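Colleague: Based on the provided sequences and hints, a complete structural model is requested.
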Amino acid sequence: MIPTLAEIKINLGNALLYMRFNSVQIAPTPVNEENFWKSFFAAVLCIPSTIYLTIAQPLETEPTIDLFALFLIDSLFYVISWIAYPIIMHLLLLLHKKEKQFGVFIIHYNWLQVWQLLAFTLLFFILQTDLLPDYLGAFLYLITLLYVLMAQAYMTKTTLETGWFSATAFVFFNLVLAQAILALNQDMMYL
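Residue numbers (our numbering): 849 to 1039.
Rather than coming from a laboratory, the hints here were simulated on the basis of the structure. Computed from a predicted structure; not experimentally measured. Each residue gets a CB set at the ideal place from its N, CA and C atoms; glycine is no exception. It is possible that part of the hints are untrue.
In silico BS3-like cross-links for lysine-lysine, where the CA-CA straight-line distance does not exceed 25 Å [unchecked claim]:
{"id": "1", "residue 1": "K946", "residue 2": "K886"}
{"id": "2", "residue 1": "K1005", "residue 2": "K948"}
{"id": "3", "residue 1": "K1005", "residue 2": "K946"}
{"id": "4", "residue 1": "K1005", "residue 2": "K945"}
{"id": "5", "residue 1": "K1005", "residue 2": "K857"}
{"id": "6", "residue 1": "K886", "residue 2": "K1005"}
{"id": "7", "residue 1": "K886", "residue 2": "K857"}
{"id": "8", "residue 1": "K945", "residue 2": "K857"}
Simulated restraints on C-beta separations [what the hints assert, rightly or not]:
{"id": "9", "residue 1": "F916", "residue 2": "A854", "range": "36 to 42 Å"}
{"id": "10", "residue 1": "L980", "residue 2": "E881", "range": "41 to 47 Å"}
{"id": "11", "residue 1": "P934", "residue 2": "A1031", "range": "19 to 25 Å"}
{"id": "12", "residue 1": "I850", "residue 2": "T912", "range": "15 to 21 Å"}
{"id": "13", "residue 1": "P906", "residue 2": "K945", "range": "44 to 50 Å"}
{"id": "14", "residue 1": "L901", "residue 2": "F1020", "range": "21 to 27 Å"}
{"id": "15", "residue 1": "V1024", "residue 2": "Q873", "range": "28 to 34 Å"}
Modeller: See the structure below:
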């Protein structure tokens, strides 16, 4: 399902409010099956940034597979990364008796990914220009990472109606899962 331009604008606006730590102005999101699946359109919006980051980041060693196989593997893991977290989060929310908030959480989480990836893409672009000294670039990366993680924790806290500790634990789990998927993706390049 493809959302309309107006729906994309509203959802990205809501996600931007989370990035500004302002959930008061967020319009209530109707949670239904259609809006749930439309939120995965955010993955389409993230494709250009993902391609840029994949191509621009240097690899430690040259992959042992051809370019087409590399493209297929990266595409597969891109899809896996967008599917794995919602599936596992659903199980975790069942354990925490928060399954009623699953729909609204995933809708907001998916749209928030667009802004988070955009922040990292812009930062990576700035760091590639060598305008900043290495130590300042590393500091800026750390600040951006902390900001993005805090915004995600804030969104998690708000949508799941939970405390900061639980929200931080969910964000930490997301980091661990993302790193595991990335490591598996990189291992596949050297088969």
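Colleague: Each of the hints needs a verdict: does it hold here or not?
Modeller: Verification of the hints:
1. K946 with K886: holds (22 Å)
2. K1005 with K948: Holds, at roughly 14 Å.
3. K1005 with K946: holds (12 Å)
4. K1005 with K945: holds (15 Å)
5. K1005 with K857: Holds, at roughly 23 Å.
6. K886 with K1005: Roughly 22 Å between the alpha carbons, so the hint for K886 and K1005 holds.
7. K886 with K857: holds (13 Å)
8. K945 with K857: Not satisfied, since the Cα-Cα distance of roughly 32 Å exceeds 25 Å.
9. F916 with A854: 36 to 42 Å: Once the Cβ atoms are compared, 38 Å apart, the range 36 to 42 Å for A854 and F916 holds.
10. L980 with E881: 41 to 47 Å: Holds, at about 46 Å.
11. P934 with A1031: 19 to 25 Å: Distance hint for P934, A1031 holds at roughly 20 Å.
12. I850 with T912: 15 to 21 Å: With Cβ atoms ~38 Å apart, the hint is violated.
13. P906 with K945: 44 to 50 Å: At roughly 45 Å between Cβ atoms, K945 and P906 fall inside 44 to 50 Å, so the hint holds.
14. L901 with F1020: 21 to 27 Å: Because 22 Å falls inside the window, the suggested range holds.
15. V1024 with Q873: 28 to 34 Å: holds (32 Å)
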